[in-house]
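Let the hints inform the model, and build the full structure from the sequences given.
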Amino acid sequence: MNPTQGFDIVTDAAQTFPKLIRTSARLYGESPAISLTSATGDTHSVSFVELDSRSAELARGLIARGVGKGSRVGFIYGNGPEFAVAFAAIARAGGIAVPISTLAKAHELVRILRQSDISGLLLQRSLLGKDYVQRLCDALPALVTATTPDLRLQQVPFLRWVVSTGPDLPVSIRDQQWLLSAAKSVSDELLREVESEVHSTDQVLEIYTSGSMAMPKGVKHCHGPMLQRTQYLCRMRPLPPGAEIMVGLPMFWVGGMMLFLLANWTAGAKTVCSEGTSTNSKIAMGSVLAKDDMFELPEGMTIWALGMTETLGPYSYADEMRAPGYPLCPPLDHIADGFEVRVADEDGKPVADGAVGEIQVRGYALTPGLHKMERDAYFTVDGYYHTGDLGQRDGKRIHFVGRDGDMIKTANSNVSPAEVEYELQQLDGIHSAYVVGIPDRERGQLLVAAVVPRDDAELDFADIQAQLTENLSSYKVPRAYVAISRDEVPMLPSNKVARRQIEAMMIEKLNR
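Take the UniProt record's numbering: the last position of the sequence shown gets the number 512, and nothing is skipped along the way.
Careful: at least some of the hints might be erroneous.
Simulated crosslink set (PhoX-like; lysine-lysine; CA at most 25 Å straight-line) [to be verified]:
1) K372 <-> K409
2) K69 <-> K184
3) K184 <-> K130
4) K69 <-> K372
5) K372 <-> K220
6) K69 <-> K220
7) K19 <-> K69
8) K409 <-> K220
9) K19 <-> K349
10) K184 <-> K19
11) K509 <-> K409
The calculated label-pair distances, taken between Cβ atoms and stated as ranges, are [what the hints assert, rightly or not]:
12) G70 <-> M373: 16 to 24 Å
13) R125 <-> K69: 24 to 32 Å
14) W178 <-> E244: 34 to 42 Å
15) P350 <-> E189: 36 to 44 Å
16) E244 <-> D455: 53 to 61 Å
17) R512 <-> Q426: 26 to 34 Å
18) S126 <-> D428: 29 to 37 Å
19) S126 <-> A457: 49 to 57 Å
20) W178 <-> D42: 46 to 54 Å
21) Q426 <-> D319: 43 to 51 Å
Honestly, the hints are just simulated from the structure, not real lab data. Quick reminder that beta carbons are idealized off the backbone N, C-alpha and C, glycines included.
See the structure below:
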């Protein structure tokens, strides 16, 4: 096979995931599609044909149990074949796949489950020694006392079933065999008819990321735009069928999903996963590293890009290293196919050359919306999305200069200060807390917290750290704390907290 032959055929045919899955199985057959090496060194691999057959079986089971067009189904899996099978099955049944971070602790998990309105949940039993059935029960205590697996839970009112594997499942959680046995009642002919009614404009994915408020933000995406972006990424990084690509990011976020799983699937490359996959902060946050660190990056990592979950990855990229006077990021010289980008003022008008404004983007692959949010909260009247990033126009170039707002980017992960502050303020002895990011060579921004004690309480920051670690993902836990009085909290004339002044205060108090 010509190295590009298969890719060209897939590109021509696949406007929906059911078509991609069947076409890839036909083109690449028994070639390995995805492998997983466990923490003990055991490796399990599945072929493109097996991905097709296994996802078809699970899709038939989902259909038999009531999943159809627009059904919202969540799944919690680490990188590997089970993740790919779950996503593919939900897509083939016409549903909306909602991947949930394996890093989410119980407090975060219940917020995502409620916000996402999922009706079903597929759950990996354990990963790296963590029992996800237990974590789910910690998030939803009613699961422990439930006497039936037909769920009616006030915490998550739309959730009707949970499926997992392994021994000693609580009564409220069904074994995966509940789906697989039901698959026998749905023929492949019926599955094909279901797939034929899946349209490129149908929503297929909703990725949850930190929002500007305490609630997580559900970013919607549809079949056609996702596959168009996948094909674009394949052109940016051409891969011959059979190439082996190590996954460097979690698949439950857009980087791992688009750059690795789907791009490899489309090109016929093998996706190589390990249970310990996590982000490499030096690679991911290269734009904020010192020059001496830049030359330590692995050979071949030369693409500099700016993107977000809402744009399914990079919407612009650069050819060169950082320009003098612009330390955060190389100049953005190229706009990805299908996108328009502008730097605008508060009235939505393009800024003059040399001026700073918000980077705004629109295009086919842009999210059609955020779950449970009004469109005018994040789109302009002429269809541009408010990225919250600040840029400076330099002719045809755009220089990234920072974030507009309070979202913190640490080690390539977005953190909502409001969410962390909420958890801090639930702890004994804390009156209020203010979480900010301060510059850090290693992580881009270091997450730190200024904490106001309640009634002169003596705060034990080691204990606070331990409690937060129980309730939040590791990247959301502050790395340093400072106790301040209520009088020390800086306020703006509008009676809002002056967060930039808190950042300066923390830099000074922590001797950064």
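Evaluation of the provided hints:
no., hint, in the structure
1, K372 <-> K409, "holds, 24 Å"
2, K69 <-> K184, "holds, 20 Å"
3, K184 <-> K130, "violated, 33 Å"
4, K69 <-> K372, "holds, 19 Å"
5, K372 <-> K220, "holds, 11 Å"
6, K69 <-> K220, "holds, 15 Å"
7, K19 <-> K69, "holds, 16 Å"
8, K409 <-> K220, "holds, 21 Å"
9, K19 <-> K349, "violated, 41 Å"
10, K184 <-> K19, "holds, 22 Å"
11, K509 <-> K409, "holds, 21 Å"
12, G70 <-> M373: 16 to 24 Å, "holds, 18 Å"
13, R125 <-> K69: 24 to 32 Å, "holds, 30 Å"
14, W178 <-> E244: 34 to 42 Å, "holds, 35 Å"
15, P350 <-> E189: 36 to 44 Å, "violated, 54 Å"
16, E244 <-> D455: 53 to 61 Å, "holds, 60 Å"
17, R512 <-> Q426: 26 to 34 Å, "holds, 28 Å"
18, S126 <-> D428: 29 to 37 Å, "holds, 32 Å"
19, S126 <-> A457: 49 to 57 Å, "violated, 38 Å"
20, W178 <-> D42: 46 to 54 Å, "violated, 27 Å"
21, Q426 <-> D319: 43 to 51 Å, "holds, 48 Å"
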